[in-house]
Amino acid sequence: MKTVTLSIDGKKVFAHTGEKVLWAALDNGIYIPNLCAMRENSEEPMTACRLCFVEIEGYAQPVTACTEPVREGLEVSTRGERALRLARSGLELLLASHPIECARCPVNRACELQRMAAHLGIKLKTRRLRKFVHEFPIDSSSPLFVYDPNKCVLCGRCVFICQKLPGTPAIGFAHRGFDRRVTTCGDEPIGNRCGDCTECVSACPSGALVFKSRSPAADGS
Amino acid sequence: MKVLSPVSLSGIRAQAAQHWQATFGGWHSGRPVITVGMATCGRAAGAMDVLQALRDELARLELDCPVVEVGCTGHCYAEPLVTIYKPGYPAICYGYVNPVIARTLLREFLQGDNPCPEFVLGALETNDLVPSFADFPRAKYETRLLLKNCGQIDPEQIEHYIANGGYAALEKALQITPEEVITEIKEARLRGRGGAGFPTGEKWEMCRRAPGRPKYVICNADEGDPGAFMDRAVLESDPHSVLESLIIAGYAIGAGQGYIYVRAEYPLAVQRLRLALRQARQHNLLGRHILGNAFSFDVRLFLGSGAFICGEETALIASLEGEAGIPRHRPPYPAEHGLHGKPTLIDNVKTLGCVRHIIRDGAKAFAAIGTQKSTGTAVFALAGKVVNTGLVEVPMGTTLRQIIFDVGGGIPKGKRFKAVQIGGPSGACLPESALDLPVDFDSLTDAGAMMGSGGMVVLDEDDCMVEIARYFLQFTQRESCGKCTFCRLGTRQMLAILDDITKGKGKPEDIAVLAELAEDVKAGSLCGLGKTAPNPVLSTLRYFRDEYEAHVKEGRCPALMCQDLINYYIIPEKCERSCDACVGTCTVEAISPNSKRIKVIDQAKCVKCGLCLPACPIKYGAIIKQSPPQVQK
Ligand SMILES: Cc1cc2nc3c(=O)[nH]c(=O)nc-3n(C[C@H](O)[C@H](O)[C@H](O)COP(=O)(O)O)c2cc1C
Ligand code: SF4
Ligand code: SF4
Ligand code: FES
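Sequence lines, in order, name chains R and U.
Mapping of the first sequence onto this note's numbering: position 53 corresponds to residue 53, and the numbering continues sequentially without gaps.
Mapping of the second sequence onto this note's numbering: position 562 corresponds to residue 562, and the numbering continues sequentially without gaps.
A couple of the hints might just be wrong.
[As the list claims (entries may be wrong)] Label-pair restraints from in silico Cβ distances:
| # | chain 1 | residue 1 | chain 2 | residue 2 | range |
| --- | --- | --- | --- | --- | --- |
| 1 | U | Phe198 | R | Glu44 | 16 to 24 Å |
| 2 | U | Ser305 | R | Gly121 | 37 to 45 Å |
| 3 | U | Tyr620 | R | Pro99 | 53 to 61 Å |
| 4 | U | Gly256 | R | Pro99 | 47 to 55 Å |
| 5 | R | Gly172 | U | Ala134 | 53 to 61 Å |
[As the list claims (entries may be wrong)] Derived list of chain U stretches under chain R, where covered just means 3 residues or more per stretch with a C-beta under 8 Å from a C-beta of chain R:
| # | stretch |
| --- | --- |
| 6 | 318–332 |
| 7 | 476–490 |
| 8 | 516–528 |
[As the list claims (entries may be wrong)] Incomplete in silico selection of chain U near chain R, CB under 10 Å:
| # | residue |
| --- | --- |
| 9 | Asp135 |
| 10 | Glu179 |
| 11 | Ala307 |
| 12 | Ile309 |
| 13 | Gln493 |
| 14 | Ala496 |
| 15 | Ile497 |
| 16 | Val513 |
Just so you know, the hints here were simulated from the structure itself, not pulled from any lab data.
Beta carbons: idealized from backbone N, C-alpha and C, even for Gly.
When you get a sec, could you build the whole thing from the sequences and use the hints?
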């Protein structure tokens, strides 16, 4: 396979042609915030989270690293002010619509939101924005995991995995705009629909899908 | 292109000419004809009743006069419209017709010889008898290309279309190579009318060159902008013009199948397109070996469910494929990777509408209209605080002032112009200082606006710019598909701020946060909806920031529009105590006299309907609407 050389934050990096900047960076130990990117669909990325912005020499605007193919000589900066502003603003929007109850959350300290907030230097509790958190019921119908739609950041990783697996997919997106959510057909309890492979749980970057083994509280209540 | 068995249009054309002659020919040789505007705008104004009254009265008077149902002429403000072609007279168009006027016209003008000048809107040609459309100030600016046939022919008769030069462009296109067709479009410098203004010829070329088969062409007739109805008017009034161009596009890029994606909320357009498709198939203008050439092509209608986002090309394609109408990242562009992953050309109704003119009359003739970089005409749906609402077609480069004041007839009721909202929910509000801006793709973009889909709403001194921004953002916020973070959550935050400001609950820092979010949503969103949703906010912040500040800092709505920031108040010194005209007008009994018989409004009871305001005699003028609200001590 052909390789190209590009620079990311001044560091010389080798990557395969056709690969996206995001993966070239991550594979070389350079972190770029991201939620929705998956290696499995890096050819046609979901581009939903809008957090992976980088600046590229010669480009007028920051671009999403998960969509930008590497090219010979590309000069990428992950620390440009405009890219960081977008990533911060995007994450802040997500956090403003996320219940911040980390102390009680089963994924506390294993959470991508916390990781990104630390990386970008922003607080989990936003002062600038208003708080809009959904109050959907929590679904603990599966014997193995709990689904809390209020904590979902709509990255789509779980949906992609579920739909890629053989058999009828259990989950998908429903509704539009602010009401968009991951749910089952007919909003049935997830346990009725799912074969408990729990691939989605492993894929979830937030505390929306968690193993019951990690979350005794949600199980009993 | 190889001709299999030379069939030409001439046979159909002779037939069509005969048909046209049979209807309209009588005008010159003894028999009158009447046309009635029966597009959605006409129907909404009562054209059905007028049509029935005309038919009944003609039967009663035993007059031989065909009545032809035509489309929209663009004079929507004066619907229902009836045009009488009486031998010996110019063709005269009557406006605001109702069944009574309709019967009067038949008796007075058709039977008698009185053209009833009191009901005349305008004659179609200059004459000594009655005023004509050419005398209207708008005639100087209007150039009818896309709307040429609209209101002049019966959209349900393919013969009418052909008798007026229809399908000549297709015939001509099939005699040259697809590459030559594309060259012609490029030389005409046509740009997309769907919003972005992308060079159409380049897109066609990209699609023709893209590897992969089969290829598709799609006509985007989703028209979801609130207040926009240009595409509807063209589809309803001249469906074959769109179809003819779509067939030419199919030929040019090498497609065998076309689609028209039309919103299901346009039932009349759907019905007429269905009929047009059937007629075109009958005449071998669609189907196998079109007009005897090796080129085969057919078109299917697809009814969209009416989501605004489905007008975005990648969402539209997903919807055509039976998926949810959710956009995806571009590139790849549909021209390379579209419907079913195949090269797909997608063009707006009006873009296509230009194509047949370019092919038939040549690129030079088209490029001579408009400006160097924006050729041809622009079609606008003029609405809001303007005298002549309706459809307007002017050359690109016409100034906003000319459109609003000359074509549109200015602001009604002697009010002051404040701003023009152009481009719908993705567009911007431009102030008075921008009135001399030429309307073309680039000038508008430079001013922070957008050609958009062609909505143009005129605003006057009574319109609050914060409320206008809130109104449009509420639309886009509701229509967001929710896929990406900035649009889903950013517009929600922005709307909350605007709601607060218009309710007088804005905090000093809100304006800055609103501006920051607007910039981020614009830069960070995935598709055009999110990228343009902040435009109404950004443009009002740029040109009318003082209004935002008045709301936030003084609790004052300068236009007296925001209900929470105004109240009605009776100036005690001005109240004529013996008069009680206002008391009875109040439906909630909020007005009562105090001990000195001066009327006082109980603000707790008042519902701010404003009915009392005109009740106070002008000579007293004691009742005022004011902001910020003040209460009588
Ligand atoms: C939210 C959104 C809505 C759109 N709606 C329409 C529409 O109703 N009609 C249309 O022709 N184009 C619409 N577009 C533009 C299309 O994506 C596309 O650019 C256009 O159909 C291309 O045709 P053109 O080159 O002829 O302009 C919309 C774009 C966005 C982002
Ligand atoms: S449940 Fe988890 S993986 Fe699925 S969309 Fe929500 S945050 Fe992403
Ligand atoms: S910008 Fe809005 S409409 Fe477009 S993909 Fe994102 S959420 Fe959907
Ligand atoms: S990782 Fe690039 S948009 Fe989500």
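So, going through the hints one by one against the coordinates:
1. Range check, phenylalanine 198(U) to glutamate 44(R): Cβ separation about 23 Å, and the 16 to 24 Å hint holds.
2. Separation of serine 305(U) from glycine 121(R) is about 43 Å and conforms to the stated range, judged on CB atoms against 37 to 45 Å.
3. Under the hint 53 to 61 Å, the C-beta atoms of tyrosine 620(U) and proline 99(R), about 59 Å apart, fit the expected range.
4. Our hint of 47 to 55 Å for glycine 256(U) and proline 99(R) holds, since their Cβ atoms are close to 53 Å apart.
5. For the pair glycine 172(R) and alanine 134(U), the beta carbons lie near 59 Å from each other, so the given range of 53 to 61 Å is met.
6. Coverage of the stretch 318–332 of chain U by chain R holds in this model, with 4 residues showing a Cβ closer than 8 Å to a Cβ of that chain against a need of three.
7. Here the stretch 476–490 of chain U counts 13 residues with a CB under 8 Å from a CB of chain R, which clears the bar of 3, and the coverage holds.
8. Evaluation of the coverage hint for the stretch 516–528 of chain U: fulfilled, as 7 residues show C-beta separations to chain R shorter than 8 Å, against a requirement of three.
9. For aspartate 135(U), the suggested interface contact is broken, since its CB lies about 50 Å from the closest CB of chain R, more than 10 Å.
10. Restraint check, glutamate 179(U) versus chain R: the minimum CB separation of about 30 Å is more than 10 Å; hint violated.
11. Interface restraint check: alanine 307(U) against chain R, minimum CB-CB distance 7 Å, threshold 10 Å, status holds.
12. At its closest, the beta carbon of isoleucine 309(U) sits 8 Å from a beta carbon of chain R; the interface hint therefore holds under the 10 Å criterion.
13. With a cut of 10 Å, the hint placing glutamine 493(U) at the interface with chain R holds, because the nearest CB-to-CB distance is about 5 Å.
14. Checking alanine 496(U) against chain R by beta carbon gives a least distance of about 5 Å; that is within 10 Å, so the hint holds.
15. At a threshold of 10 Å, the smallest CB-CB gap from isoleucine 497(U) to chain R is about 8 Å, leaving the interface hint in force.
16. Hint status for valine 513(U) relative to chain R: holds, with the closest Cβ pair at about 6 Å, below 10 Å.
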